[in-house]
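Protein chains in written order, with the numbering used here: chain A, 51 to 375; chain B, 51 to 375; chain C, 51 to 375; chain D, 51 to 375; chain E, 51 to 375; chain F, 51 to 375.
Watch out, some of these pointers could steer you wrong.
Part of the chain E face toward chain F, derived, beta carbon under 10 Å [stated by the list, open to error]:
1) 57
2) 61
3) 122
4) 295
5) 348
Derived contacts from chain F toward chain A, CB cut-off under 7 Å, selection only [unchecked claim]:
6) 60
7) 61
8) 63
9) 64
10) 65
11) 66
12) 67
13) 89
14) 101
15) 102
16) 138
17) 141
It should be emphasised that the hints constitute simulated quantities derived from the structure, not laboratory data.
All C-beta atoms, glycine included, are put in the ideal place defined by N, C-alpha and C.
Letter by letter, the chains look like this.
Number of protein chains: 6
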Amino acid sequence: MTGQVPSTVSPRYAQVATFMRLAHVPDPRDRDVVVIGAPYDSGASYRPGARFGPRAIRAESGLIHGTGIDRGPGVFDLLDVVDGGDINLSPFSMPLAIETATEALRTLLTHNRAFLMLGGDHSLTLAALRAVSGVHGPVAVLHLDAHSDTFPPVYGGTYHHGTPFRHGIDEGLVDPTRMVQVGIRGHNPSPDSLDWPRGRGVRIITAADCDRLSIAGVADEVRRVIGTHPVYVSCDIDVADPAFAPGTGTPAPGGLSSREVLTLLGVVGDLRPVGMDIVEVSPPYDVTGITSLLAAEMGAELLYQYWRGNRSRQDVYPPKPDRTG
Amino acid sequence: MTGQVPSTVSPRYAQVATFMRLAHVPDPRDRDVVVIGAPYDSGASYRPGARFGPRAIRAESGLIHGTGIDRGPGVFDLLDVVDGGDINLSPFSMPLAIETATEALRTLLTHNRAFLMLGGDHSLTLAALRAVSGVHGPVAVLHLDAHSDTFPPVYGGTYHHGTPFRHGIDEGLVDPTRMVQVGIRGHNPSPDSLDWPRGRGVRIITAADCDRLSIAGVADEVRRVIGTHPVYVSCDIDVADPAFAPGTGTPAPGGLSSREVLTLLGVVGDLRPVGMDIVEVSPPYDVTGITSLLAAEMGAELLYQYWRGNRSRQDVYPPKPDRTG
Amino acid sequence: MTGQVPSTVSPRYAQVATFMRLAHVPDPRDRDVVVIGAPYDSGASYRPGARFGPRAIRAESGLIHGTGIDRGPGVFDLLDVVDGGDINLSPFSMPLAIETATEALRTLLTHNRAFLMLGGDHSLTLAALRAVSGVHGPVAVLHLDAHSDTFPPVYGGTYHHGTPFRHGIDEGLVDPTRMVQVGIRGHNPSPDSLDWPRGRGVRIITAADCDRLSIAGVADEVRRVIGTHPVYVSCDIDVADPAFAPGTGTPAPGGLSSREVLTLLGVVGDLRPVGMDIVEVSPPYDVTGITSLLAAEMGAELLYQYWRGNRSRQDVYPPKPDRTG
Amino acid sequence: MTGQVPSTVSPRYAQVATFMRLAHVPDPRDRDVVVIGAPYDSGASYRPGARFGPRAIRAESGLIHGTGIDRGPGVFDLLDVVDGGDINLSPFSMPLAIETATEALRTLLTHNRAFLMLGGDHSLTLAALRAVSGVHGPVAVLHLDAHSDTFPPVYGGTYHHGTPFRHGIDEGLVDPTRMVQVGIRGHNPSPDSLDWPRGRGVRIITAADCDRLSIAGVADEVRRVIGTHPVYVSCDIDVADPAFAPGTGTPAPGGLSSREVLTLLGVVGDLRPVGMDIVEVSPPYDVTGITSLLAAEMGAELLYQYWRGNRSRQDVYPPKPDRTG
Amino acid sequence: MTGQVPSTVSPRYAQVATFMRLAHVPDPRDRDVVVIGAPYDSGASYRPGARFGPRAIRAESGLIHGTGIDRGPGVFDLLDVVDGGDINLSPFSMPLAIETATEALRTLLTHNRAFLMLGGDHSLTLAALRAVSGVHGPVAVLHLDAHSDTFPPVYGGTYHHGTPFRHGIDEGLVDPTRMVQVGIRGHNPSPDSLDWPRGRGVRIITAADCDRLSIAGVADEVRRVIGTHPVYVSCDIDVADPAFAPGTGTPAPGGLSSREVLTLLGVVGDLRPVGMDIVEVSPPYDVTGITSLLAAEMGAELLYQYWRGNRSRQDVYPPKPDRTG
Amino acid sequence: MTGQVPSTVSPRYAQVATFMRLAHVPDPRDRDVVVIGAPYDSGASYRPGARFGPRAIRAESGLIHGTGIDRGPGVFDLLDVVDGGDINLSPFSMPLAIETATEALRTLLTHNRAFLMLGGDHSLTLAALRAVSGVHGPVAVLHLDAHSDTFPPVYGGTYHHGTPFRHGIDEGLVDPTRMVQVGIRGHNPSPDSLDWPRGRGVRIITAADCDRLSIAGVADEVRRVIGTHPVYVSCDIDVADPAFAPGTGTPAPGGLSSREVLTLLGVVGDLRPVGMDIVEVSPPYDVTGITSLLAAEMGAELLYQYWRGNRSRQDVYPPKPDRTG
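Make a model of the complete structure from these sequences and hints.
Following this line, the structure appears as structure tokens:
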């Protein structure tokens, strides 16, 4: 295991910026989780800029140690994680970009256990769903977002950042009865926009529902619906309110606080995660870097929760007895 | 009814920016609600910039569809709303500006049912109160703000952005016993600053009170005090905390979250709104646009709540049976 | 003729933002010049954001009167110009976007004399070249830019913002022997990048050449090469140094000052312009608005120069005797 | 008493910027509280910039009156407070800076009752602890922060902004069994980072604990642990979430809201405060000024709470009967 | 003489911010020059914000020493200069503000030799002209600006930031035949806008003229027109291009570089300056502070040139033999 | 030779950010030039932030190809260059940091031909001078800067960012009679500040001199003074005017344009460069990235000029016949 550049030796603003200052391993093998960038925003319907997301998240992630408060051992003592660099995606052809991403993520899963994809816009989650379902069959989905992203195509393109879960369900990659969307709010293209996912069994927990249920109640509901089915966790940063995440493509007021988002991610360790993403960070609108920093913190949390969710499963994650004592 | 430029045809960042991409109708007639800009900041006591408020709110409002989550029909299937452009206000003479605004709003109400004014600083709410009370008599007021705005004149001018409700009460435009102020906080010019409104019967619910009562409790109190009296709803964006609304003239830490503000606006549909404003958005301090976006979202919410509050009143708002089914 | 909203009546920050506060006429007929927005950035190879260009240029252009120093009558006393709004372009399919733009610009030229296109990225200049050459045959080109934009396709797409003049020459829309590029500098994908345009007769005047020749010398050279052939004028805002135009997609240090750019545009009135564009303004990177303001000023200058270049040609521009005296 | 420049005479953006527009008294004597700047950031491990903190807090504090909502008399009718200017601290030698600060603060306490130090980074709290413990013996500490700041030295320096309380406890300046840390969260250099303070009796209330206990519950715990022991109150602005305080050196998502922070400061009046600081405001990252404004508001609150906490103690704070009636 | 806080003792970012860290003397007497702030922007026709100008210029001026390259003694060894604080100006009544400013500046000149006014918008230069002409009779004017500011009233107010020199000439405060305007450019409200000043004998040197004449030639022309007549020097920061001074109220592309502006100010020492101002710095639009810094540098230059221009005149400026050797 | 990630395969915003997307080689051997980061700002006397300089320059450098206009082969066909990552420098002990940097740079020169150091503040140039003089003896220096950086220690520290050349001359690392400083301007701590370097033979060419001599004349003078002596080239980004380089520690108005700076660097190829640096880029103040981009462009230029300056010297740079044809 390579772990982070130690902050006792190298100040946290130093060195070439990789995610959490992990080793950059372009063609990784036999890793627990590969962090992989998907610099892409040609699927954005409003503010672009997410193509710079992976770099910005990497830059801000230098501040984050691998050891959370009151957790015991650090995540990089538990998991072997590297930064796999970026997938080279065409900004000029969306079908090509999604195909390239699908192929790259499939290759990653052939040689490693899981990935954490840093977007880029939400379009590429379709590639991720194709890749993980190729290994695990139709997956459950925990989807944090302001928007349902089960919308139909528009403007003459098949794909865009509002369609990944529609395609995912249509292509049989996702089991919609084991899918939970949290944080949905705001305005929709038409009054029946949410009929499509609901009609297929998706459980939608709106931002208003979060107030009513509390985050603990939301977590209960997530556990109830998803259980121990292999689950893909997709985090659109706009699940957080624009105050906490101004740097995103389609910000929506009335969202979750960073504390609510981070608390909610704690449920992932009670599930069985098989792939994860954090998408829609748009650095040009993230003037003070707080959006990228939140994304980086969410990434660190997801890595830890990935370990929690898989620590007892020897097929996916053989124990490393010396370090977890 | 004209409705929005459809986002399925025109991307939401395209076309000349009107509020929510509604039709621009300079001299509107027979509309349910006219959105009207009041670009003005000569009444600002600290940070100016609100003169650019209407344009910035229009620009950010392109992102917002007219259809809220779980609401059934979209607001523009229910209400005939247009963007009436801006009132031409002198930045160099406050009395003239208030007179011009009063006249313009009166003319609007002669030909249309109601308006939603986009400020501009809070001074011009006096013009709005003069106009609506001309039609409805002394009105109730629901006032969201960090500041009471019942302060006396200062610096040799009769009017400023901290005086509209003092003049409104003094001129008999407002029934102070049916006025509720929500979100008041921070520091005042003198220890007895709130004695004036309280002495006239205004119900002040501070930000600390919001914590104690919860937003649902605040809404109960609003309904209790205002009932079904014709009510003017005035929203100073600084009711929200600076984290949610940095772009404003006199920001005050300790304010409401955007979710609290939007939830609270839900009470407006239980009242009988006759005029509305959103003021004090100062774009030069709104670096990432989140303040204007919140204002735009509040505007969309107010339009919907206006319909709810007036849907059963045939005098003000005759039913449009085909569209509300 | 409609002209600008008069700044003696309406402050320049007021009213719905159209270009220079001209009338918004969605389907214009019989105008001298139509200002038309092309909100698009799916052809950008580095920083996106130009999709917000037309709106931002419109917003900043409010400051600009139609009357230049020491020019005599104002341009809107001379020319009938309106803001035609934006072309609705798909962000998700570049071939579709270019086809849509071509069609829209052709329609404009069927009913009006000329257009000034506000980008958007440089890809769409191909559409403009197709439209103007349909009327005028292969056109001369005056091209202000840091980059030659005669590069080959890349990343699996046929078009991008570095290709318009390559396609334009290949398709026979441009007469390369009457094409001048000014301001070219910086770094190229390969050592022979400029061999392609030079091999076809394009006259390249680099930023270093501008120092050597002076702007007056550059103007001489432009007049010499282009003469009175119908000329399309394409202004990539990155011809200006990043200090003057930070808000652009591929900024290149070492560029022209705003004074040099504006002075150089004075040559256009000595030519015979038939179409014009200003492209590559990316508002997310234009924090203080100076890039959009420069673009707006360039637009005002181009309108005036358009009049100068066509004032004696009765076929294109019949004299309006009462106003030019 | 000098009090503030009256806002009825001088607009709040006017005059040379001192804290809350108090009198600038370079060598103060016999004051209740001296506000003193410590412009310094050579102890910062990540984002520097706190050297500009005192000036920025002063600039934003102009907006704040000395009279809080529903408090009765204004704080400057109760307390004699002046702005003592800045301590001149070497940016080039940390030991020298800490020594200089210690000496300056000791001198302040020789001639005045207490100080409110505006940082500057957290390193200098060590100087403050040395100075207050010289008067009051080992002090209790109320410490609001995202980080425990009881970390060991690193990078070959004895001091840095993560060490003040480690040195404070080691030097016997602080009674760790009467120390409470609130808001701790995020990631630590090593799994046992919090063992050190806990092992010495420090009560750590994490951000997650704040959720569980509520702010009222946290206040109870603070009162229980600290009681009426002389207490130093140290506020790292990063106790607030980056949404509320983006301008800081080591921002940590998941923090408190400004309302939570300000509410929590209300407990200080139930204690016996003898010195106070607000540190780690980094203006270069505080684009819209909201961090400095929050710090200024916290300063105003601390001054008021200082009066509350000492109003009955004639040794420290003799009553001023004429003004508190 | 008080001079600057020495930068060898106090780092240049430290201490309460006065202009160039001079002593703050609220009611100055017998000084050579008093720096006086005029925080005001109610005369702005486009972007406001100049009310924060004096504070921002003070903040950035900390970086500037009083000793220029190759000049011999520092200016504060030659001149006794203090920061007189700000004039308290009503933002709500322009006539009152101008009257207050006139009175304050007259008082300054009664007790001191000259002032350097830091704006604030250009309206207040009328007050300055009234004050200096009261002492010196009709003055010559050196006016650096993008705009002529001899425009008529508009929007129902007598004064605004485009009128000071029109009133100044009309009131006989200025000798228009000894007035030079440098840097004029851009667009005017009407074709005959410059006829008014030219008709009264004002010499207008446009930005284009600066190119043609070179800065040395402009200086020659200034010397020729103004000679040794008492001259008021008024510097609108927008004489510089928006690249060099983005933070201003009505930016105009095509302006001077900072080097050109600073070089041009060198001519002031060949004249006989009796009053000076630097106006129209709008900090909300000055994101990186470069506009305020340029204004501060110009202020330092003007102070030095004031000494040069008056060093031989014993009535105004008695020699201080010990320090100028 | 590794060269850049090809932009035809990977978009220029993609992949882990190294300088110009060169290979990251932590312990390089046998390279022509190693680009090495020195993230450090503890020597800054005003605005800090340069510790983030190397990362920001790397991020912006992705846009830059290795092939300049009209240069023939690309620099990475000529030179073997890699990104050596960052030196780990203590922010808490300046002597330790300079010692660490000296040792790291000496090691680099033991195994490679030359380095291009990306700062970081100017303090570390002392380390570079120690390293290069260890190989080449006392070196000539070409120093681009607003400040002479030959100032004495201050604030109790031996080193700071204004001292490197004073120590360099005092330690005999620099031959002052072969040292040229270009761009010096602004204000100095004392009237005799430049006496020290001039007294030792340093040739100072001020910004005003650049106007008088023209850049071509400055280059002549540089060639005359330095000749073919081994020369260290040190570029403080503040040689450029704040309009072109706002993101720096001690900006000084009146500086060079980017075109002047880049043109001037062309002289380096006529000299015999043995080491190079670009320092004082402070990203927190570089809101739109143009400072880092200029620094990156200067780095690309220096690499090319390094090749030019050494291409005929077989000892230092053996020809690579196949690629330079």
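Hints versus structure:
1. 57: holds (6 Å)
2. 61: Given a least distance of 7 Å, the restraint on residue 61(E) holds.
3. 122: Cβ of residue 122(E) sits 6 Å from chain F, so the hint holds.
4. 295: holds (8 Å)
5. 348: Hint on residue 348(E): holds, closest Cβ of chain F at ~8 Å, below 10 Å.
6. 60: holds (4 Å)
7. 61: holds (6 Å)
8. 63: holds (5 Å)
9. 64: holds (4 Å)
10. 65: holds (5 Å)
11. 66: Hint holds; residue 66(F) Cβ to chain A Cβ min 5 Å, cut 7 Å.
12. 67: holds (6 Å)
13. 89: holds (5 Å)
14. 101: holds (5 Å)
15. 102: holds (6 Å)
16. 138: holds (4 Å)
17. 141: holds (6 Å)
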